[in-house]
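**Student:** Sequence:
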Amino acid sequence: MLGRAAATLIPAVGRLSVTTDTDAPLAPGSIIAANHTSLADPAVVLAALHRLGVRPVVMAAAGLWRVPLLGRMLSRGDHIPVHRGAARAADALDTAADALARGRLVLIYGEGRLPRRRDAAEAAPEAFRSGLARLAHDTGAPIVPLGQAGARRITSGSRAKQLAGLATAPLRRPALHVHVGSPRQLTGDCATRTADAHSAVTAAWHTAARHLEEPLAHAAPR
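All letters in the sequence shown, in the order written, are residues 79 to 300 by the numbering used here.
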């Protein structure tokens, strides 16, 4: 339901294109690791994956379950709430591991938060937290790096700017691009696995960013 809703909404607010490194279907029980730039990018990513026939379980901030309608769709889709900073935060990784064991694809944002920038420009993914690397290590699941670009052209900055951006997006219809990279296994210690995952997602983001028609103000990794 969430994927179908995103696939219906996104074409109304932007021009989405999708590329992949391989035409092979994603293996069951894989972790899709994406970069997080905007409140709009989960819908962009889900719309792109829906186009590829992929229906992931999404790990998302627990507060979203309190949003009317959205919370209902998240619950019905068996998506995974992440209680950041709470004692039960680690429960989300256990739930994700169970989903992977059942052959589901799990979508996780390595940064674990939105960037604090207020501009609408593209920038490389910020540092990843360790949750992605720990989940990959505990389950043996491969990661599929996913880079998305353009979502900040829909919503970014202050609350007023985000509302204005969303209201005007159907008129502007900014270019959006999602690139799905080849699966890879993470090896080494936690720090190495985290760095490798960040590098893979950054490479996928670079590919996505190059497809945008808008000039990139921050194209180099920081």
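Some clues are possibly wrong.
Stated by the list, open to error - Simulated restraints, written as ranges between beta carbons of each label pair:
| hint | residue 1 | residue 2 | range |
| --- | --- | --- | --- |
| 1 | Ala245 | Thr270 | 42 to 50 angstroms |
| 2 | Pro106 | Gly235 | 26 to 34 angstroms |
| 3 | Gly266 | Thr246 | 44 to 52 angstroms |
| 4 | Ala83 | Leu241 | 14 to 22 angstroms |
| 5 | Ala139 | Leu244 | 13 to 21 angstroms |
| 6 | Gly266 | Leu148 | 33 to 41 angstroms |
| 7 | Gly235 | Asp172 | 33 to 41 angstroms |
| 8 | Gly266 | Arg144 | 17 to 25 angstroms |
| 9 | Gly235 | Thr265 | 24 to 32 angstroms |
| 10 | Arg133 | Ser260 | 15 to 23 angstroms |
| 11 | Pro193 | Thr246 | 16 to 24 angstroms |
| 12 | Leu148 | Ala245 | 15 to 23 angstroms |
| 13 | Arg251 | Asp169 | 13 to 21 angstroms |
| 14 | Thr270 | Ala179 | 23 to 31 angstroms |
Unchecked claim - Result set (DMTMM-like, lysine to aspartate or glutamate): computed pairs, CA atoms no more than 25 angstroms apart in a straight line:
| hint | residue 1 | residue 2 |
| --- | --- | --- |
| 15 | Lys239 | Glu189 |
| 16 | Lys239 | Asp197 |
| 17 | Lys239 | Glu204 |
Keep in mind that the hints were calculated from the coordinates and are not lab data.
Even glycine gets a Cβ: it sits at the ideal position worked out from N, Cα and C.
**Student:** For a quick check of understanding: which of the numbered hints are violated here, in increasing order?
**Tutor:** Hints 2, 8, 9, 13 not satisfied by this model.
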